[in-house]
Amino acid sequence: MALLTVIGRGVRVRGRVTGDADLTIEGHVEGEVDVTGEVTVETGGLLGASVSARVIVVRGAVRGDLTAGEAVRLEDGARVVGDLRAPRISIAKGALVRGLVQTGGIETTLPRAKTAAKSTPAVAPRRAPTPAPVARPAAVAPPRPAAPAAPPRPAPMPVPRPVAARPVPVAVSHAAPKGPPPPVVPALKKGAKAALKKKAT
Amino acid sequence: MASTVIGAGITIEGEISADEEIVVQGTVRGKLDAREGVIVEAGGTVEADITSGPLTVAGNVTGNISSSDRVDLQSGARVIGNVKATRITIADGAQFKGNVDMDV
Numbered sequence: 000m001a002l003l004t005v006i007g008r009g010v011r012v013r014g015r016v017t018g019d020a021d022l023t024i025e026g027h028v029e030g031e032v033d034v035t036g037e038v039t040v041e042t043g044g045l046l047g048a049s050v051s052a053r054v055i056v057v058r059g060a061v062r063g064d065l066t067a068g069e070a071v072r073l074e075d076g077a078r079v080v081g082d083l084r085a086p087r088i089s090i091a092k093g094a095l096v097r098g099l100v101q102t103g104g105i106e107t108t109l110p111r112a113k114t115a116a117k118s119t120p121a122v123a124p125r126r127a128p129t130p131a132p133v134a135r136p137a138a139v140a141p142p143r144p145a146a147p148a149a150p151p152r153p154a155p156m157p158v159p160r161p162v163a164a165r166p167v168p169v170a171v172s173h174a175a176p177k178g179p180p181p182p183v184v185p186a187l188k189k190g191a192k193a194a195l196k197k198k199a200t
Numbered sequence: 000m001a002s003t004v005i006g007a008g009i010t011i012e013g014e015i016s017a018d019e020e021i022v023v024q025g026t027v028r029g030k031l032d033a034r035e036g037v038i039v040e041a042g043g044t045v046e047a048d049i050t051s052g053p054l055t056v057a058g059n060v061t062g063n064i065s066s067s068d069r070v071d072l073q074s075g076a077r078v079i080g081n082v083k084a085t086r087i088t089i090a091d092g093a094q095f096k097g098n099v100d101m102d103v
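Residue numbers (numbering that gives the first Met the number 0), protein chains in the order written: chain A, 0 to 200; chain B, 0 to 103.
Derived from the structure by calculation, the hints contain no laboratory data.
Think of the CB as a built atom: it goes at the ideal place given N, C-alpha and C, for glycine as much as any other residue.
Hints may contain errors.
Unchecked claim - Some chain A residues judged to face chain B by a derived CB distance under 10 angstroms, without partners named: (1) R15; (2) G18; (3) L22.
Next up, chain B with everything else stripped away, as it sits in the complex (with noise of 0.2 angstroms):
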């Protein structure tokens, strides 16, 4: 388990950096980064731009995402941004608006 949890109950409102993965099961406000991977859990609310590496959606993600790995949009995600990353999936049952930058 990641060692850093942002849990429900609990809003951040600002800058988050991070040199490790991140779990978001509250709310994130701002700006976050986080190089080692982002999971949203289902439930977890993330207003921010989003830069990481690995990134899973389960929960609301409202904001710009940049990945340098992979985005996986699961079934009750809902990203509402643009998506700049190597590789996406997105599951049948996620909901998503925005555009999709793939490095084609």
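Isolated chain A, as found in the complex (with noise of 0.2 angstroms):
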């Protein structure tokens, strides 16, 4: 069915959105979108949601994963934070992302902590332009630092699931040499190390 349904500027959805038309967001869903169609994030759209559908494209602002059993398209203006599945992703000039990008058949079964610690550095140094052009993502970003307790999203956070790996407490030592850590480790490893100290003494 080509039904349009649009979500216009004005509109808060909480909630889920299924079905099998295609669907267009301006204005701010929160939840789950899972359609068979074609989702369209606007400029201006917010979506924080995990959005799976045949076609997903992107103009806004989206924080959650992306499902496509097609297509995912992240045109200009668009800010994603989460995970990006589909046999064929472009992202264009002028797109921001932030998390697991994975091309090809659906093979989640692909070792999946190598390509987060990958994707991790390369990942990392876009955080520093993220928060400049991006108003809403900001407000992902400050719990950032404290992610490994409670990130707001577990999906999303491919970055901090190897910086809360277990190896802290039990032997960082041995941890380490394995490979470069991600930045953020060594700062917790030290404050948690010598709060552990203190702790102790």
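Given two chains presented individually in distinct reference frames, assemble the corresponding complex, making use of the accompanying hints.
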């Protein structure tokens, strides 16, 4: 059905959106979007939800995972914090992404830890530019330093996962030489260790 | 035409609040709050409490309706729930079960 559904600018939806039609989001949607058609997040649209659709086109802001059966297109102005999974993914100039990007068939069994670790250094530098042009994702940013404790959403945080790795309290010396840890780790470790020592003494 | 349309084939479960008119051709469950008005078209289903400005119903509504303006139940409408509004019209052929409160 090519029936159009539009969530307009002045509209806020909290909950689940499902169905077999196309969906255009210009307003705010929080929760979950699961449609069989095409989802378009327009400029100014804000989507705090995991999305699953045939085609996903983003020109606005999304916090959540995007999973498309056919394609994900991030166009100029898109700001995405979350994982992208689709057979075809295009990220245009001017689009910002933070998260795991996976093209091709949906093989979720890929060595995920490896992928996450690899993507970490590549993605991390983008943090700096992100807050400047982005007003709303900035709201996402503050919790990140404390993220290992309670990330607001588990999915869009592939970075903290290795950070929160268990080795920290177990044996730092063993964990460290294996590979370059993400930049956040040392600070956390030091702080944690210091705190532990202080407590111990 | 209203800029927000819940098309046929779409189901929204949860809460919708809007500063603009909403046209419902699909299904809404939960809560619907639209101060600029709501139109439930034929084939549209709302299983939610509605708080709105002017409300026009040609489809199904199950839930309490509170309107700051008028409520029009058109022919073919099926409404179950209490209606509170300043003005109400019920067209011939509309089905309605519930109380009416008109701020007399």
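Right, here's what the structure says about each hint:
no.	hint	in the structure
1	R15	holds, 4 angstroms
2	G18	holds, 4 angstroms
3	L22	holds, 7 angstroms
Violated hints are absent here; each numbered hint is respected by the structure.
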